[in-house]
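Heads up: the protein sequence lines correspond to chains A and B, in order. FYI, the numbering for the first sequence is 3 to 247, going by my numbering. FYI, the numbering for the second sequence is 0 to 900, going by my numbering.
There could be a bad hint or two in this list.
One side of the interface only, derived from the structure: several residues of chain A facing chain B at Cβ under 7 Å [what the hints assert, rightly or not]:
id : residue
1  : Q32
2  : R35
3  : N38
4  : S97
5  : R103
6  : F106
Simulated from the structure, these hints should not be mistaken for laboratory data. Where a beta carbon is used, it is the ideal one built from N, C-alpha and C, also for glycine.
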Amino acid sequence: MRPITQIDPIHPVAPIPMLELIDATKSYIQGRRTVNAVRGVSMRVAPGEYVTIMGPSGSGKSTLMHLMGALDTPTGGRAVFQGQDLQTMSDRQRSLLRRDRIGFVFQAFNLLPTLTAAENVALPLLLGSTSRRIALARALECLEQVNMAHRAEHFPDEMSGGEMQRVAVARALVADPEAVLCDEPTGNLDTATSREILTLLSKLPEPGRRAVIMVTHDPAAASYGTRLVKIRDGLLESDQPVIRR
Amino acid sequence: MVPSVYRVLSIRYLLQRWDRALLIVASIALGVATLISARILNQCIEVAAQDTTTPGGSAELYVTNGESGVLRSLADELRAAQLPGVRSVQPLVYDRITMPGLDGRVAVLIGAEVSSQLLVNDNALKAHFTPLAAAVRPQLFPVFGAISAGDFSKAGELWERIPARLVMVSRPIYDEWVRQGADKPFLVRHATRDFECLPVGVVDFEKDSPLAPLGKNFIGMSVGQACRVLRPLPPLGVVLGGAGEALAEHQSPQKVNRIDVFLESEANRNVVQAAAADLLGKRANVRTPDAHRRSTQEIVSGLQIGFLVCAAGAMIVGLFLVYNAMAVTVAERRPDIGILRSVGATRGQVIILFSTVAAVLGLVGAVLGVPLGIVLAELTLTQFESELQSMFLNPEVSPSRLSWLNAALAVLAGVSTAVFAALVPAVQAANDDPAHVVRRTTAGAKGIWRLLHQLACLGMVGGGLALILFRNELPARVGAIGGMMIVLVGLLLAAPFFVSLLVSLFHPLVRLTCPISVRLAFDNLSRAPGRTGVVIGALGAGVAMMFQTAGVGRSNEEPVVSWIAQVVQADHFVFSGNMTAANSSNSPMAEGIARDLRALPIVDRVMTIRYARPEFNGTIVYLIAMDAIEYATATRDRIPTGLPDLEKFLELPGTDDVLVSENFARRHNVHISDIITLPGPKGPVDLRVVGTVRDYSWSRGTVFMDRQRYSELFGDQLIDMCHVFLKRGISGSPAADRDLDSFVASKGLFVTDKNSLQKFLSELISRVYLLAYLQQLVVGVVAALGVVTALLISVLQRKRELGLLLAVGATPAQVLRSVMAEALLMGLFGTMLGILIGLPMEWYVLKVVLVEESGFVFDVMIPWKQTAVIAGVSILTATLAGLLPAIRAIQTRIPDALQYE
Chain A
3 MRPITQIDPI HPVAPIPMLE LIDATKSYIQ GRRTVNAVRG VSMRVAPGEY
53 VTIMGPSGSG KSTLMHLMGA LDTPTGGRAV FQGQDLQTMS DRQRSLLRRD
103 RIGFVFQAFN LLPTLTAAEN VALPLLLGST SRRIALARAL ECLEQVNMAH
153 RAEHFPDEMS GGEMQRVAVA RALVADPEAV LCDEPTGNLD TATSREILTL
203 LSKLPEPGRR AVIMVTHDPA AASYGTRLVK IRDGLLESDQ PVIRR
Chain B
0 MVPSVYRVLS IRYLLQRWDR ALLIVASIAL GVATLISARI LNQCIEVAAQ
50 DTTTPGGSAE LYVTNGESGV LRSLADELRA AQLPGVRSVQ PLVYDRITMP
100 GLDGRVAVLI GAEVSSQLLV NDNALKAHFT PLAAAVRPQL FPVFGAISAG
150 DFSKAGELWE RIPARLVMVS RPIYDEWVRQ GADKPFLVRH ATRDFECLPV
200 GVVDFEKDSP LAPLGKNFIG MSVGQACRVL RPLPPLGVVL GGAGEALAEH
250 QSPQKVNRID VFLESEANRN VVQAAAADLL GKRANVRTPD AHRRSTQEIV
300 SGLQIGFLVC AAGAMIVGLF LVYNAMAVTV AERRPDIGIL RSVGATRGQV
350 IILFSTVAAV LGLVGAVLGV PLGIVLAELT LTQFESELQS MFLNPEVSPS
400 RLSWLNAALA VLAGVSTAVF AALVPAVQAA NDDPAHVVRR TTAGAKGIWR
450 LLHQLACLGM VGGGLALILF RNELPARVGA IGGMMIVLVG LLLAAPFFVS
500 LLVSLFHPLV RLTCPISVRL AFDNLSRAPG RTGVVIGALG AGVAMMFQTA
550 GVGRSNEEPV VSWIAQVVQA DHFVFSGNMT AANSSNSPMA EGIARDLRAL
600 PIVDRVMTIR YARPEFNGTI VYLIAMDAIE YATATRDRIP TGLPDLEKFL
650 ELPGTDDVLV SENFARRHNV HISDIITLPG PKGPVDLRVV GTVRDYSWSR
700 GTVFMDRQRY SELFGDQLID MCHVFLKRGI SGSPAADRDL DSFVASKGLF
750 VTDKNSLQKF LSELISRVYL LAYLQQLVVG VVAALGVVTA LLISVLQRKR
800 ELGLLLAVGA TPAQVLRSVM AEALLMGLFG TMLGILIGLP MEWYVLKVVL
850 VEESGFVFDV MIPWKQTAVI AGVSILTATL AGLLPAIRAI QTRIPDALQY
900 E
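The shape of chain B in the complex, shown without the other chains (with noise of 0.2 Å):
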């Protein structure tokens, strides 16, 4: 056949039966934006996560401790050792602040040295520097002078030199600020502590600069500046002034972020690595990108999973969909094929007509599953927008870029999706034998195809749970969650055999209790278990999802909850930022505002908290670093019976001692008495493990210590959140609150109470699991889609059946009656399926993944109502998506309806 042919006999169907055409245009579209959302997302949590462990991220090492940062002097040493193939060294220090005088803005302030890297046009980091004229003041001459000459170390000493707090700003920054009014002072807050800037340039980042995410709120500052700024030093040095700021940078030496290193272009790498780790020794890592990137991407990637599970799913529907609609058009066109192979038509040349429909079809889905796509990654993003926000240190968290390639893949993938859903059926329809088709009679050798189909799904369920098994020897989350999903695919593949057996078991029950048209449709189900089967399959695994979902967040709920009410006993909580970032190291504020809460009449006790980040075993687990005596203290007072772990706490404070949460103890094999080590910007620290306590802050574990020895280990004096405790008979009262009100908004902070926390954290809680359900709404909707096309195949197959029923009496009502029974009927097969198949999901979810993901323990807890929920929202749907095919059933001219065979 000429492609003409292949053109004139597809096209003209395809626009009869246009409707058909659009369910697999929709599946393969949804299927595709569910993929590109989740490429979106993944992306941009990426680079959101890279950009706040690593902005502006382009050296070819860096000398690192993670969060605990590294001294600034290692910077000289570095370059000191002058180290063959060594370019250049820069330390970086950089956090988030907020500015004042912009409505509060949030910026990220970044601390380099003023060399090579921002001042030249040709600089690693592709900025672009245009001094303000306005700001050209006599000291900086020298340091202009200097530049030109190519003297770039000077430039910097010189930089330093400068009394005023100099800095460039990002272009929309710089507007902003001069729309504002730019007589008013330039103001940077950051820890509670508010300092006045020059701006003396506007720097503008080309696309391709590793500082480009952070184009639009950049403030550049001297490193040595930007420390003061940024690490706020020991009181002696605040109340001393410039002399006690000198003796306090002597006893807490500057640190920065990072140092990066830049090498020739001939450099070894890996040799001048080993040369720099022997340099530093202990105190600090020597790493590459890669490695750098690895222990972020270890963060991120459970979440980019979830997504990606999700994608996946979506498309796995979407190609049983359209492997439905494919059997609808091959079992309506089998006298086309008669006539195609009766003159001649080989069976390639069938194949080669339903494979092109399909393929057809999918690129014109796929093509529209792009933005489709864009417009789901960008409405997740808005839904989460302030918890990103704070999460990041980046505030402006906005979708990535979608590349020509990820496109093009996506739309390669739903093509490839038809045109592999589009086979079975095509090749099924090419193997039936002319005489069979022509005479329009079964062709009966159908054994083949239900041995492929039996091994299919054995190999799959098989294969999967091999993988499950052999977990430990495979790639991370390979054999766990690969291993699911595969005998996931294989036990919705193996749907229409659970379908056989389900109506099996019910059929004397129906048949003794049911109408006529209920059980009708009832044995349709069993007449035709490879196409309702397949869909029932499908809206199985969308159940089978939702309800592991819930289930989890149901066995999570009462723990968490109450472990949420332990923990949080104070009256009042005074954060910077908002609430999100309270839980988080991105708007600290100086220990002082503890002493002042404490010096409030109305105060009993502050307990601070400072949270960090620290790497510990391949991954970053969680550092609380808090006043154990007040936490003790005041709990104690708060819950007369105490808490089990509460004593325990008392024993942390003036030692290197720290308690580790339980989900820290199993995941990472840690006992009591045992040592860990975290890295310290001087270099290792050592702490050894007195105790566990329950804690489900965060999935790799947390660490528990006493703030004031954090302090002195690790050089940080800032703190996050004071919960603060108000005397006895005081909480609660106007008097009070009003105290507090006015405290806080002197300072620019934020205080919530005890309800408002516990209800915040459980609304994050619901939030995250929503997105989950979003997700597996697309899955739903696909599989709904299922249904429709499989009750158009069913309607078309008992066309003769409810014309027979239409002539012999049965009323138009009681004909939709029997074809909606019959999408019910799938949609209760397709949820108790999804719940039989659910059920152990979850467990596995709970038992097998979380534990070895998080070392999280949670009993397996059946979410009765959401279960009835989802049962009740899926069954509907099917019902509902069998409306359509029982209204073309009873328009159908009963004479027609009896020819038809």
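One chain only, chain A, in its complex shape (with noise of 0.2 Å):
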């Protein structure tokens, strides 16, 4: 395996990377066969980057952010976040490294039913040792920063899906993490909403502090970002920056 400082930057604006993947494969088993999801796919992500992954249905995609936020570890290859190898990581390290310093919205907006808005946003600093009123007054900095301080204390049986979405992200941001990863944040929402959203995570990514990456099969979705990486049968397809018209 080479070490880190051997590699050639991959990308022209990436010279500091944050997230890097080296030759990194995951394999798992489905049933009685292999299913080679990610199969040798090195890439870079710099501070201020918003990154899109786009690809078919079962591309490797999602399998491929799973790998960039210590969702999952590679079978093969490496998966770096600011220099620390997430393989030799424990199960523990990596459970801190998600909690301060990634934030992750899902499609299915994934927010615990029982929490209020409120609660959901400030999950994981209460995970830490963060004070059950200072989490929640950092929640609901975020969610105003969401637009959605005034759905604080409401459920989210009690919202609409944008709204979930909205509060999904506040979660995301809670933290002040370094890196915010989308795993087709606009799947379950309509046309409109998902501008909204779109809109929104167009925001995050500060140069010099903290990089987007989402994973959408939507090409609309994918003109937000800075830069395009495509995946076909968990091999890198191409990978260049956004041209805005």
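Could you use the hints to bring the two separately framed chains together as a complex?
What follows is the structure, given as structure tokens:
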């Protein structure tokens, strides 16, 4: 395995990688067959980037995002976050990494039905050592950021899909993470709401501080990013900047 | 669907989910095992009790006065009357004896007339007699001659005239005698007197012989000789020898335990019974075997119901457990159900699919439960071996053989429970709309099930309460105990509602104070009250039963211990056999022992006691005949302030007056000045009640009378125990102990002191409660298995939630804690529910069941210490049961969990 310092930059706009996959592969057993979801992908994501990963169903784009978000570990190659090899970290260390430095937004919102919007947002902080009062105050700030402060005490089943996804975005931001990973965030939303969410997400990247990575199969959603990575059959098909017209 | 499709769909799934299948099998196996063990114990106790009251019972009619016995001469009267339909009349006398030459082996001596009963091959007792060549004596030849001539009456008369005590012994006794050296005298000891006997034959019983239960410990003797061994004559007979014996026998005619009347095959039993009753008048009762059995049955039925209630409890908890496990299966296989429904499977086919799985697992569990139950019963009997051996006539109290029919019924009960439990989730699964199932969304329409659930709870609680209210109009115990059990099951069914209530009560507090992992676990309880409620209910049932047992024990403990401390005032207690037997009439002593004890220089007073168990008011009561003046005087010396009822005893000697226990008065509605009638050997004995005393000896009530008057009225000269009061300043001295020890050793007796007796009695009570706890522990184990399955469902249902928690940064330890917290909360709620139900149950058992059953009245006391232990064990068990599902939860891949629907 090559040391990180010896790797040539894959993309000229990402001289200091925040997230890096080096010849990463991921295979898993499904029933009696082995599925090679990712087959030797190398890519880097720098702070400030808004990377969109596109590909047809079963191409491995979600698996790629799981590897980058420390939700899963590669079966081959390496996944590196801010210079730390995710494979060498313990389960607990990866949990703490996800809690403090990575935010997630899922297609199905994944809000806990028994928690209020504020509590859902505060969840990563409540799982840590932050006191309830401080966690909820911070959650309220994040809800304000996504224009959902007025729904802070509402439960998920009292909200629309768009509202739930805004809350999910607020939760992804609550720990002020360095990376926000979104898996088909508009997959369950109508066009107008999708646009609102995509606009919200496009405001999240901060040069030198935070990157956003979004998996989608919608070309319109992909156009909000600054860089488009295409995946097919577990392989990197193309990786190029998005040219705005 | 053809059977092969069921097989393919079910077996492969079961192989994948073997742990859940194992849980179902285990819960059914435990339920069936408890049922089987209860059945065996019940049979064993019933057989032992029947063997005690009616050993070798095979006649069509019995002439009896209960334990008081009947005059042997009544048999001659019956024969002389030549009642039509009567084939033969057989007086029987029996009691326990010991054999000093065979290491004190205990056996049952049965005295019968030497007639066709034993000596012909085709006899009613199905016994085979093998003469012992070595024992053949010239005086036996006329007896054998009479038998071969078919003149059995003459054979009996000749046998009676033989001077030696000739006995027929069962083969194990004979073999042991030979092993110990057959040249040694064959000694039989009864009431501290030894009798040398001559074995003349060995008896083997067929398996279905009415005497087969005594097969290992049988000694047969002629009735006349046995009467002389077992019914000692008054002192006159002993002092004056042969002439005195004749005179004494004239004054105290021989009495036997009962007279068996065998009828001709075509005889009408009722007609013969009426004729015999007319002939005998009030001197004895003529009873059918059923009527005779009923009074014994009444005594043991309380214990039997206790066993059955525990068995039913285990089966009910098992039922809920299977329900839970099947609910997981249905939840997990919802996609399969969707596919089946979309390709054309009918609702009926889906129901059959799940019911078949349950039936197969139930069958495996039930078949395993049968041997487990047998082992459980044997373990229980081993635990109480010495007490049981002392309580019953036959010292051989062994587990009854389980009949194939009973085993099959238990297996059927296990399978039915499994299928019944699986039906609800199976029907729910089949009723799901195929579109919902394929889309994997919730069906939503659960209103009808909720309504059915509510109606079932209300119906059971209401029905049970109605049974309790109208218990006096219903057969004994159906209302009082059956009603209580139905209410308990109804409350158990309603557990989901209680859980919802408790969750909403505690929710604000938990929200503000608990960490998020606990909060989520708490929320999860309210999200699925049906699932968690059932397990909480099962745990609650176990805790409620244990709490109630502990509460009843605690409420009894204080008054019973203080009563024991009051009545056990003597310094030493001399008895024959062991301590348990000393409190019954199973190992009596001759009354001369008391005289000998009084003659010892260290002894101040000796109070003798004889116990009897006469019938009264359709049940068997306890009669304590005691030296009333000795008791009152000696106790007053020991307790100068006196005891509340002590002076009443001074009025008893020389009268037919008796004192009755408070529970006797309450249970039989007897008041002061009332006349109670007990069966005596010559007919009914009228006794006047002159007072009540506090006593906890017997649940059916106790009668106290002076022993001197008792021996006159009941023709019983024996004693069971001597309370020895030593002279002042001597008690506890080594010299006194040495004197007493050497005295009892010389007589083959035993002695114990006050502290040891009190300790023994307390331990005996504790062990009875231990038995109840052991049975309830099985219920607790089944409930713990329920926690495992409930949490497996929970983990399944929370898979996505737990995956999300891990995704947003929860550590595996936090997820583990969250699942364990749910288990802990289930344990906590189950315990709370159990205590809430257990408290009224305790009140009900003490204030209704116990009062009606025994007349004992106790204040309701809360067993704080035991409650803390029960709660601790229950919560800990539930929490530990959550470990497996918790580990499974953290082993799930996060992406898989997030995609789970």
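Hints, verified against the model:
Annotation: interface hint on A:Q32 violated; nearest CB of chain B at approximately 10 Å, more than 7 Å. Interface restraint check for A:R35: the shortest CB-CB distance to chain B comes to about 16 Å, outside 7 Å, so the restraint is violated. Nearest Cβ of chain B to the Cβ of A:N38: about 15 Å, over the 7 Å cut. The hint is violated. Given the 7 Å rule on beta carbons, the hint for A:S97 holds: about 4 Å separates it from the nearest Cβ of chain B.
Violation of the interface hint for A:R103 is found here, the shortest Cβ-Cβ separation to chain B being roughly 9 Å, above the 7 Å cut-off. This hint holds: A:F106 has a C-beta 6 Å from the nearest C-beta of chain B, less than the 7 Å allowed.
Hint check: violations occur at hints 1, 2, 3 and 5; the rest are consistent with the structure.
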